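> Residue-level listing of the chains:
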Amino acid sequence: MTARLAVWRTPKLYIGGQFVRSESGQTVAVATAEGILHACRGSRKDLRDATEHARAAQPKWAARAALNRGQILYRLGEMLEGRGAGEAADRAVHHAGWADKVTALLSTLNPVSATYVNYTMIRPVGVIAAVVDPATGMLGMVEALAAATVMGNSVLLLVAAESVDDATTLAECIATSDWPAGVVQIVTGTLSELVGHVNGLDDIDTLLRVGTPLDAEVALAAEQAGARTIRRLVDLPNPSIPATPEQLGRLAEAKTVWMSAYEPQGGAASY
Amino acid sequence: MTPPHELRLSGALDLAPAPERTPVHIPPRLGHFIDGAFVDGSDTFDTINPATGDVLAKVCAAGAEEVDAAVRAADRAFREVWGPMDGAARGKVLYRIARRMQERSRELAVLESMDNGKPIRESRDVDVPLAANHFFYYAGWADKLSYAVPGRTVRPLGVAAQVIPWNFPLLMMAWKLAPALAMGNTVVIKPAETTPLTARLLCEVFQEVGLPPGVVNVVNGAGATGGHLVGHPIPRKVAFTGSTGVGKRILASTAGSGKKVTLELGGKGANIVFADAALDQAVEGTINGIFFNQGHVCCAGSRLLLEESVAADFLGRLQRRMSTLRVGDPLDKNTDVGAINSERQLKVIQHYVDVGRNEGATVWQGSATALPKRGLFHLPTLLLDVDSTCTVAREEIFGPVLSVLTFRTPDEAIKKANDTEYGLSCGVWTEKTSKLFEVSHALNCGVVWANGYNLFDPASPFGGVRHSGFGREGGLAGLAPYLEVT
Amino acid sequence: MHRPSFPNDRPWRRARVDNAMVAARCARVRTRSIKTETKDHLLRLALSMVDLTTLEGVDTTERVEALCRKALRPLSDRPDWPSTAAVCVYPNHVAAARRVLGPVGGPVKLASVATGFPAGQTPLATRLREVEQAVADGADEIDMVIDRGAFLAGRDADVFHEIVETKAACGAARLKVILETGELGTLDNVAAASRLAILAGADFIKTSTGKIQPAATMEVGLVMLEAIRETYLATGVQIGMKPAGGIRASKPALHWLVLVAETLGSDWMSPTWFRFGASSLVNDLLRQLVRRDEGIYPSPRRFSVD
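Residue numbers (my numbering), protein chains in the order written: chain A, 1 to 271; chain B, 1001 to 1486; chain C, 2001 to 2306.
Note that these hints are calculated values from the structure, not bench results.
Model, not experiment: these values are computed from the prediction.
Glycine is no exception: its CB is placed at the ideal position from the N, C-alpha and C atoms.
Watch out, some of these pointers could steer you wrong.
Unchecked claim - The calculated lysine-lysine pairs, modelled on DSSO-like cross-linking and capped at a C-alpha distance of 30 Å, are: (1) LYS2039/C x LYS1333/B; (2) LYS1432/B x LYS2251/C; (3) LYS1373/B x LYS60/A; (4) LYS101/A x LYS1435/B; (5) LYS45/A x LYS1415/B; (6) LYS60/A x LYS1333/B; (7) LYS1416/B x LYS1432/B; (8) LYS101/A x LYS45/A; (9) LYS2211/C x LYS1373/B; (10) LYS1333/B x LYS101/A; (11) LYS1248/B x LYS45/A; (12) LYS1058/B x LYS60/A; (13) LYS2211/C x LYS1333/B; (14) LYS2251/C x LYS1333/B; (15) LYS101/A x LYS1260/B; (16) LYS1435/B x LYS60/A.
What the hints assert, rightly or not - Across the chosen pairs, the derived CB separations fall in these ranges: (17) ASP203/A x ALA1222/B: 22 to 28 Å; (18) LYS101/A x GLU1438/B: 20 to 26 Å; (19) MET121/A x ALA2168/C: 38 to 44 Å; (20) ARG2155/C x ALA56/A: 54 to 60 Å; (21) LEU105/A x ALA1016/B: 53 to 59 Å; (22) ARG64/A x LYS2211/C: 53 to 59 Å; (23) GLU1208/B x ALA65/A: 36 to 42 Å; (24) ILE1234/B x ALA33/A: 37 to 43 Å; (25) LYS101/A x ASP1385/B: 30 to 36 Å; (26) LYS101/A x ALA1252/B: 34 to 40 Å; (27) GLN18/A x ARG1076/B: 57 to 63 Å; (28) GLY1063/B x GLY200/A: 22 to 28 Å; (29) THR1022/B x ALA56/A: 41 to 47 Å.
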């Protein structure tokens, strides 16, 4: 009997809810324990497509009930558990629980001196590009994904080719846990190159760095490029600890509403 | 032209001059305020009264050395005095500042109106009391920082470099200083070059109340001075309010420095009036939205979005109200619209009115008074028949000029309101509560006034999204920009 | 005489008011600073707009006569100062007032609060009879109260009908319809009742009886002026306005005039179209006028109580 030959997974990008090959037609070879894997080398065009999908999906994702978003994140935890990624599963479950609670911690009712009910709530920033330090592994990816999406954002996970195996597993878990297409895209390649592409994309609202994924020069260029669109830069330097509510709050915008309140006879009626 | 039944509003009320006469002292030459002392400088330029063209004072422009001295004084004060000081004690100093500002409020108001051109009614009733209240509000936070971020430890950042604009000189100074100081930071701040006077008076207040030397330092000057300040290696915090263009430059120049940046930039706020609004009151809100402070307001409601079915009716009401606005001497208590702060800004406004006209807009202007013979003034102006593609519907004019657009459905209103690179503020007018909430929440901006416009409060966070910047000023959210959280 | 018919769709009930911005607008009017010659002019104008009023259970013929004399010449040593617009008395005193004021057409009009003032809770027939009697005794103007209970219960047709009938009973006399805004509860109701009264034939709308607090706040005043403005712009029909109750000092009175000027314009800046229902206001106007004229601040004792 011939020993059974393994069926190789062909790594792909995950964009708009589909597993797709890079438009570049290029791959990056990665040596793994099982042999050589060929990670897609995400291109400028791939990131443009990913951004369009993310932008289109975000408002509906944010409009879903918080409970529902939490359940989808929890479902991701279940899938990750099934793939033996216990630590990442725990992280998905942790953030799943924030979905319908973090608003209560980050919103305020502001006592203004006027006949208005004044409240500050949190709104998603929109589309987040998250660049993940490969040293943080699957946990770093899930942390980025969960932190971004639990706040109602859509996300582009920019993943180093060396993490392609985990990235593929994560994409499969996403694809099987009720995520609406476009909320999460996973793009593999060379981080400095991917970030370079993102620097030319104006429709990204926040750059999220998980761990320390970029060398100083690339990081500086990314920051400078972000100035063109007043893009925000957020760091989660140590994803071994889940993002705190305060950190999650940086992936949101505070929005203040002055809601006119009824006042009998229209005021103090001083004369 | 006049319909058969039109009101005779013009000339219905001839108001005799009602000048505010509180005397103020203006030093002939303004240097800087460094380490608790007024120091002279060099490279003087003039600050003028825009209502008369008179020179109010010579002002010195700080160079790199003076900025460095100010930053070092702030750093020393942070490490030796203000940072280690008990929070309650810091709070008491801030309370004293608020109180002393109240005592000197009329002087502050007069100086502000002379230097900026805004009506005394606004500086007296809005700018100055709000500024004092801002100190009063944040004074109360100074001994409560351990509660600001539950479960975390917070620390002040150190020296904050702050650059503020000319449209609300004193108020912006208060917005910048109060939270920074309450949390134990020290400050070097640069007022706008055209409006340095109230900052100078506020420094007198600091001396009077015993604010330790170096805690607040003021350097005067224009963009170059700001560049020295923002680029100085010591400050760990940069806070800027001003134009989006300068904001982008600051963000690019601070890249890689690790400085915490907050930006409060421009806007092109949509003021949405639905057919089921209380129209006469929406008119009043629209007036507040665009003619407050001559429209020199980053969050001005400079795009009026009218539901088409009431557009003509509403515009008639708006024009009638505009024809009761009194344009003139900022120090007259009855002035509604004062002087444009600088000739440069007046030219910008006139340019945009021309652009609007060339793009097909109909220009309508109204006021109860003729424009004064001298000084920098601009009539309250409507640009009618504007659509979303017009320059005057997209770019910030920063003057008393309102671009008028129409819409037919709530969805279209939301879409048009959000059709901008900016995201600072919007207004919504309807008496239908469900729609008021729905639309208010759907607008992509940092502040929404639901049946109101241009309301401010120290307890209420203010700030924008996208090209309007990031970071919040006011309220609990206003603490975060000045804290390190661990 | 034309009697307007009741519009079944009750258009007045669609009127919408935002309370906070009404308050904001009024607050802004209160910041208007009235100085020097403007003050002289507006004080005199205000004096000429007063419906000098006495509506007490203890009113006597002597008191009413004194009131009429004061209306004709508010300050005895200043014959050149304006008389008030009118006196306003109970129906029983109309005849006595007419004797002092002289024949119809004189400088001071004669108004009477007919229609079961202040509650309006008497049968319509007796109220109409009261109106007819007051007019017959020489009243130029009738101040009627609406049935607030009916309005609040949504019986708009009843309120409308009563105004129509009262107007018919007035004949040539001008009809002021008192909304008693202090009992209407909301500014939306004030806006609706104003429009109802105008459509039913009011010549003037009036805030209050003076017996209920709050009375003539600027906030309700603005809402009523806006109803008048809407009517004029739509139809050309000019309606008068009368705040009554609570205006005791010159400063608020002058701010009322600013409100009128900036809301309705110069056509309303006359006693034909704007009145203050007041009693003690006159003395404060006189006091300020003396202050302007003589440069000293006179004691209130210089001015007669009635």
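> All hints are to be evaluated individually against the structure, with a verdict given for each.
We went through each hint and held it up to the structure:
no.: 1; hint: LYS2039/C x LYS1333/B; verdict: 15 Å, holds
no.: 2; hint: LYS1432/B x LYS2251/C; verdict: 37 Å, violated
no.: 3; hint: LYS1373/B x LYS60/A; verdict: 56 Å, violated
no.: 4; hint: LYS101/A x LYS1435/B; verdict: 26 Å, holds
no.: 5; hint: LYS45/A x LYS1415/B; verdict: 27 Å, holds
no.: 6; hint: LYS60/A x LYS1333/B; verdict: 51 Å, violated
no.: 7; hint: LYS1416/B x LYS1432/B; verdict: 20 Å, holds
no.: 8; hint: LYS101/A x LYS45/A; verdict: 37 Å, violated
no.: 9; hint: LYS2211/C x LYS1373/B; verdict: 52 Å, violated
no.: 10; hint: LYS1333/B x LYS101/A; verdict: 50 Å, violated
no.: 11; hint: LYS1248/B x LYS45/A; verdict: 26 Å, holds
no.: 12; hint: LYS1058/B x LYS60/A; verdict: 57 Å, violated
no.: 13; hint: LYS2211/C x LYS1333/B; verdict: 36 Å, violated
no.: 14; hint: LYS2251/C x LYS1333/B; verdict: 16 Å, holds
no.: 15; hint: LYS101/A x LYS1260/B; verdict: 28 Å, holds
no.: 16; hint: LYS1435/B x LYS60/A; verdict: 19 Å, holds
no.: 17; hint: ASP203/A x ALA1222/B: 22 to 28 Å; verdict: 34 Å, violated
no.: 18; hint: LYS101/A x GLU1438/B: 20 to 26 Å; verdict: 24 Å, holds
no.: 19; hint: MET121/A x ALA2168/C: 38 to 44 Å; verdict: 58 Å, violated
no.: 20; hint: ARG2155/C x ALA56/A: 54 to 60 Å; verdict: 55 Å, holds
no.: 21; hint: LEU105/A x ALA1016/B: 53 to 59 Å; verdict: 57 Å, holds
no.: 22; hint: ARG64/A x LYS2211/C: 53 to 59 Å; verdict: 58 Å, holds
no.: 23; hint: GLU1208/B x ALA65/A: 36 to 42 Å; verdict: 55 Å, violated
no.: 24; hint: ILE1234/B x ALA33/A: 37 to 43 Å; verdict: 50 Å, violated
no.: 25; hint: LYS101/A x ASP1385/B: 30 to 36 Å; verdict: 49 Å, violated
no.: 26; hint: LYS101/A x ALA1252/B: 34 to 40 Å; verdict: 37 Å, holds
no.: 27; hint: GLN18/A x ARG1076/B: 57 to 63 Å; verdict: 60 Å, holds
no.: 28; hint: GLY1063/B x GLY200/A: 22 to 28 Å; verdict: 38 Å, violated
no.: 29; hint: THR1022/B x ALA56/A: 41 to 47 Å; verdict: 59 Å, violated
In terms of the numbered hints stated before, the structure departs from hints 2, 3, 6, 8, 9, 10, 12, 13, 17, 19, 23, 24, 25, 28, 29, listed from lowest to highest.
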